[in-house]
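Engineer: Work out the full structure: start from the sequences and follow the hints.
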Amino acid sequence: MAASGNRRPGFSRRAQYSVFASYVIAVAGTLVGAILLALSHFDPVAFAAFRAGVAEVTTPISSGIAWAGRTVGAAPQTVVDFVTGGQTAAMRKQIEDERALLTRARALAYENRRLKALLKVRERIAEPVVTARLVSSSGSSTRRFATLNAGAWQHVETGQPVRGPGGLIGQVIETGPNTARVLLLTDPESSVPVRRTRDGLAALAQGRGDGLLDVRAVSGNADFVAGELFVTSGAGGVYPPNIPVARVVKRGRDIALAQAFARADTLDYAMVERAYLPPLPPPPAPAAPPKAPKK
Amino acid sequence: MRPPRKRGPFDEAPDSTWMRVRPAVSVMAGSLIAILPMVAHFPILPPFGLLMLLGWRLMRPDAIPIWAPLGLGLWDDLLSGQPFGSAMTMWMLCFFMIDLIDQRLVFRDFWQNWLIAAGGVAFCLSLARLTASPLAAHVDTAVVLQIAISVMLFPVVSLLCAWLDRDYEPA
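As given, the protein sequences belong to chains C and U, one line each in that order.
Its first residue numbered 0, the first sequence is counted upward by one per residue in numbering that gives the first Met the number 0.
Its first residue numbered 0, the second sequence is counted upward by one per residue in numbering that gives the first Met the number 0.
Don't take every hint at face value.
As the list claims (entries may be wrong) - If you anchor each label on the Cβ, the simulated ranges turn out as follows: (1) C:THR70 - U:PRO154: 52 to 62 Å; (2) U:MET18 - C:TRP66: 32 to 42 Å; (3) C:VAL78 - U:TRP162: 32 to 42 Å; (4) U:LEU99 - C:GLN76: 51 to 61 Å; (5) U:LYS5 - C:GLY72: 45 to 55 Å; (6) C:PRO127 - U:SER15: 48 to 58 Å; (7) U:VAL143 - C:ASP42: 27 to 37 Å; (8) C:THR70 - U:PRO133: 52 to 62 Å; (9) C:PRO127 - U:PHE95: 43 to 53 Å.
What the hints assert, rightly or not - Selected chain U positions facing chain C (in silico; Cβ < 8 Å): (10) ALA33; (11) VAL38; (12) PRO42; (13) ILE43; (14) SER79; (15) MET91; (16) LEU126; (17) ARG128.
Said to hold, decoys possible - Residues from chain C that keep clear of chain U, each with C-beta distances beyond 10 Å, as calculated: (18) SER11; (19) ALA74; (20) GLN76; (21) VAL82; (22) THR83; (23) GLY85; (24) ALA108; (25) PRO164; (26) ALA201; (27) VAL217; (28) ARG246; (29) ARG250; (30) GLY251; (31) ARG273.
The set of hints was computed from the structure by calculation and includes no laboratory data.
For every residue, glycine included, the Cβ atom is placed at its ideal position computed from N, Cα and C.
Structural biologist: What follows is the structure in C-alpha cells.
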C-alpha cells in the first residue's frame, strides 16, 4: 500500500494556509460540538426543532417503506385467510382481545374493592387525541426513542401518554408539526408509576435500556413473584390508571425484572391520549388563620 | 459489447463534482439507516454512518477533508437519537487520532486499517453510551455486542467504499 499523503502540501503559501485553516476549523468545531453536547445534556429538548425538522422529511419515507413491508409481509396471511375463510385471523384477534380484557378485569376487580371502600366515584372519559403509527426508532443509540407519525397539527402535545393495543408504550417528549418523538417505556430514563393488579401495591416501572423493565417497590419490603401484572396507577397525573404496563418475569425482592406488555416492534397502531389530570375538587375556603399567640 | 474507450492523456477530464461529494453523501446515507421502519428495543443496529466515514478515511485519506466529520456528525445527531453534538465531537476526535496514526504508521495494510477502525468504533460507541444513558442503565452487554457486530461489518463497508470509489482517478 502507498504511503499516506504528507500533510505539507509543498512550497505554495496558499496551500499551506488552507491546510492550516482546515485544522483550525476542525479543532474549533470540536469545541463547538463539545459545548452543544453539554447544552443538550442539561436541556435535552434544546435542539428539538432541528430534529423535528429532519423527522418531518424522513417520516413519510419510513412510513412508505413500512407500508410496502406490511403489504408484502401480509401476503401469506392473506392467502391463509382466503383458504380458511378468515378463521385464523378471527381466533387470533379473539385471543388478543381476551388477554387485554383479562388484565382490565383484574384491574377493575381491584378498583371495585377500593371504590366500595371509598364510596366515591369520579368518572373520566378516555378520549384519544389521535391514533397513528410508530414509524422508526433510535436503533443504534442506547436511548430508546420512537418516531410517531402525528404531531402538533393533530393536537399531539409534549407529555401525553402513548398506548398500544397491548399496553402502555411511552410518553411524547418532543413534537413537530407532523411528527412526534416518543420516549419508550424501556428507555433508561423512563419511569412510570404503577401498581400491582392483585393488591394495588405501588411501584415504579423503570426502563433498563435492554428491552426490559425494573419494577421497584415504592415502599420497602415487597416480594414480587414471576407472572404478577402491573398497570399504571395514575399517580403523578400523566398516565391514566389501569393501562397494562408489565409482567414480572423473575422473582425479586423490592426490585424485580419485568417485561412490557406492548412490544412496540410488533404493534400496529399507537394511540395518543390526553395527560391524565384528575379534576381536583375546589379547595375549601381557607379557615380564619389561627392567631399568633401573643407574648 | 465493446468496453468504453479509456480516456487519453489529452482528453478533457470528466466533471468531478459528483466524485468529490460521493464519500460525504454515502456517509450521510449510512446515517439514514436510523429511519428504517422498525422499533428496536435495545441498541443493535451498527452505526453505519461512522463505519462509512472510517472506511473512506482509511481507504483514501483525501476522500474526506479533516473538518468534514463536523457536518456529517451533526447530520447523524439529528437522526440517531443521541444527544446533539455527540457524533460531531466523537467523529472529529476519531479523525484526529487517525491523523496522528498516519504520521507514525506510514505504510498500512488492511489488517491495520481494520484494527484502527475497531478502535474508532469502540471509542465512539462506548463514549456515546456514557454521554447518552445514565450509568445504571443495563445497556453495556448490548453495546459490547453492537461494537462486535460493527467491527465484523467493517470489511464489508470497506468493500462498499472501494466499489463506490471504483472510477476515481488521482489527479
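Engineer: Taking each numbered hint in turn, which are not upheld by the structure, reported in ascending numerical order?
Structural biologist: Hints 1, 8, 16 contradicted; others consistent.
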